[in-house]
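J.: Here are the chains, one letter per residue:
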Amino acid sequence: QKEVEQNSGPLSVPEGAIASLNCTYSDRGSQSFFWYRQYSGKSPELIMSIYSNGDKEDGRFTAQLNKASQYVSLLIRDSQPSDSATYLCAVNGGGSNYKLTFGKGTLLTVNP
Amino acid sequence: KAGVTQTPRYLIKTRGQQVTLSCSPISGHRSVSWYQQTPGQGLQFLFEYFSETQRNKGNFPGRFSGRQFSNSRSEMNVSTLELGDSALYLCASSSWTGPNTEAFFGQGTRLTVV
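Chains B and L, in that order, give the protein sequences.
Residue 6 in my numbering sits at position 6 of the first sequence; the count goes up by one each step and never skips.
Residue 1021 in my numbering sits at position 21 of the second sequence; the count goes up by one each step and never skips.
Okay, chain L solo, but in the shape it has when bound (with noise of 0.2 angstroms):
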C-alpha cells in the first residue's frame, strides 16, 4: 500500500511570491491535515480536510489556504511569502473512524523562502 506523497520535495522561493504544495493520502483515506514544522515552534497544526470541507483550522494567518478534491488529494497554498514562512510542511492522512484513528506522514515539503 502506498504511503502518503508528498510534492515537491525541496522549494526555494522569493519574498512576495506564493506557493503551492500537494498531497496525496494513503488510498482509502478521506482525512488530510497540514502542519508547519520549524526548530522554534515545532509542529504546528495548520488545517484539516475531510471529503473536500475544511473542518479545523490552526492559528495561521489568511495567506495559508488548502483544499481538497474529491479525489482526496489536498494541496495547500501559502501567498506572499514572508521569510519566516521558512519551514518543513507536512501532510498527514487517516482514514478518520473517529478520535482514536491514527495519522501517517509524508515525507515533507521544505520550503526556503529568500
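Only chain B is shown next, with the shape it has when bound in the complex (with noise of 0.2 angstroms):
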C-alpha cells in the first residue's frame, strides 16, 4: 500500500514568518511530486510540482525533495492571512498512467 504522510497540523504561524509543511512517501518508485492548496469548501489548486532532488522555487514558495529520504517539503516565506489553507502532498508513482496518492493534508493558518 502505497502511502503520503503528511503532518495534519494544524500550524499556525503569524504572519511574515515563513511556514514550513513536510511530507514522506513510502514508494521509492514515486517519480513526480506536488503540492495542492485547498480553500475550505473548494476544490485542490495545484501550486507547485517538483521531480528532481533539490530545491524549487516560485515566487514565496519553495519546495524541496530528497529522493533518499523519500521526503518533500514546502516553505512558504512571507505568510499571508490568505495562504491559511489545507495543503496537500501528491505522489505520482510514475509508470505508464497516472494516478496521485494524496496525503490527508496540513491545516496551515496564518495569524494577522
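Source of the hints: derived by calculation from the structure; they are not laboratory data.
One should not assume that every hint holds.
What the hints assert, rightly or not - DSSO-like mimics (lysine-lysine), calculated; alpha carbons at most 30 angstroms apart, straight line:
id, chain 1, residue 1, chain 2, residue 2
1, B, K2, B, K42
2, L, K1057, B, K67
3, L, K1013, B, K99
4, B, K104, L, K1013
5, B, K99, B, K67
6, B, K67, B, K56
7, B, K2, B, K56
8, B, K56, B, K42
9, B, K104, B, K67
10, B, K2, B, K99
11, B, K104, L, K1057
12, B, K2, B, K67
13, L, K1057, B, K99
14, L, K1013, L, K1057
15, B, K2, L, K1057
16, B, K104, B, K56
17, L, K1013, B, K42
18, L, K1057, B, K42
Both chains are given apart, each in its own frame, so use the hints to dock them into the complex.
T.: Structural data, given as C-alpha cells:
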C-alpha cells in the first residue's frame, strides 16, 4: 500500500513568518511530487510541482525534494493570512498511467 | 483557456438510487482522473481514463464505474447509493506527457446521500 504522510496540524504561524510543511512517501519508485492548496469548501489548486532532488522556487514558495530520504517539503516565505488553507502533498508513482496518492493534508493558519 | 468543468455542482440523492457525474477536461487534455474526498479518508483515487480506456482503478467497489468519450469528456456513475458515498467528487485533467505531468482539478460535485 503506497502511502503519503503529512503532519495534520494545525500549523499556526504569524503573518510574515516562514511556514514549513512536510511530507514523506513510502514508494521509492515515485517520480513526481506536487503540492496543492485547498481552501475550505473549494477544490485543490496546484501550487508547486517538483521532480528532481533539490529545491525549486516559485515566488514565495519553495519545494524541496530528497528522494533518498523519501521526503518532500514546502516552504512559504512571508506568510500571509490569505495562505491559510489546507496543503495537500501528492505523489505520482510513475509508470504508464497517472495516479496521484494524496496525504491527508496540513491545515495552515496564518495569524495577522 | 477554460478550466475543468464538473456538473452538477451539488446533488442530493436517496439511498439505493444511482447517480451520474460529468467532467469536461481542459481542452487538449486526454487524461481524466476521478477522486473521492471525505473528511475521514481525504482524497482517494477512483480511476483514470486516457483516450477512452481505463488505465488504472482504485480500491472502490464495483458500484463505482466510469467512462470516457472520444472528446475526452468523462462520466462516473455510482449505483445503489449508500450513506457513506456522501462526499466531494473531484475530477482532474492532465495532458499526460509522461509521469511528470501536472493535473488540474475541477470545482467538484458535492454528493449528499440521505
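J.: Now, for every hint given, state plainly whether the structure supports it.
T.: These are the hints, each one checked on the structure:
Among the hinted pairs, K2/B with K42/B is consistent with the structure: their alpha-carbon atoms are about 26 angstroms apart, no more than 30 angstroms. Between K1057/L and K67/B, the direct Cα distance comes to roughly 26 angstroms. Compliance with the 30 angstroms bound is thereby established for this hinted pair. Proximity of K1013/L to K99/B is assessed by CA-CA distance (about 28 angstroms); at most 30 angstroms being required, the pair is judged to hold. A hinted pair counts as satisfied when its Cα atoms are at most 30 angstroms apart, and K104/B with K1013/L qualifies at roughly 27 angstroms.
Our distance criterion of 30 angstroms between C-alpha atoms is met by K99/B and K67/B, whose separation comes to about 19 angstroms. Restraint check for K67/B and K56/B: the C-alpha separation of about 14 angstroms stays at or below 30 angstroms, so the hint holds. Between K2/B and K56/B the CA atoms are separated by roughly 25 angstroms; this keeps the pair inside 30 angstroms, and the hint holds. With a C-alpha separation of about 26 angstroms, the suggested pair K56/B and K42/B falls inside the 30 angstroms cut-off, and the hint holds.
Distance restraint check for K104/B and K67/B: the Cα-Cα separation of roughly 20 angstroms lies within the 30 angstroms cut-off, and the hinted pair is therefore satisfied. The hinted pair formed by K2/B and K99/B meets the criterion: a straight-line CA distance of about 11 angstroms does not exceed 30 angstroms. Proximity of K104/B to K1057/L is assessed by CA-CA distance (about 20 angstroms); at most 30 angstroms being required, the pair is judged to hold. Proximity of K2/B to K67/B is assessed by CA-CA distance (about 15 angstroms); at most 30 angstroms being required, the pair is judged to hold.
As the CA atoms of K1057/L and K99/B are separated by approximately 9 angstroms, the hinted pair is consistent with the 30 angstroms bound. Between K1013/L and K1057/L the alpha-carbon distance is near 25 angstroms, which keeps this suggested pair within the 30 angstroms criterion. About 14 angstroms separates the Cα atoms of K2/B and K1057/L, which keeps this hinted pair within 30 angstroms; it holds. Of the supplied pair hints, the one linking K104/B and K56/B holds, its CA atoms being roughly 23 angstroms apart against a limit of 30 angstroms.
In summary, the hint linking K1013/L to K42/B is supported, as the alpha carbons are separated by about 21 angstroms, within the 30 angstroms threshold. For the given pair, K1057/L sits about 25 angstroms from K42/B by alpha-carbon distance, which is consistent with the 30 angstroms threshold.
Hint compliance for this structure: no hint is broken.
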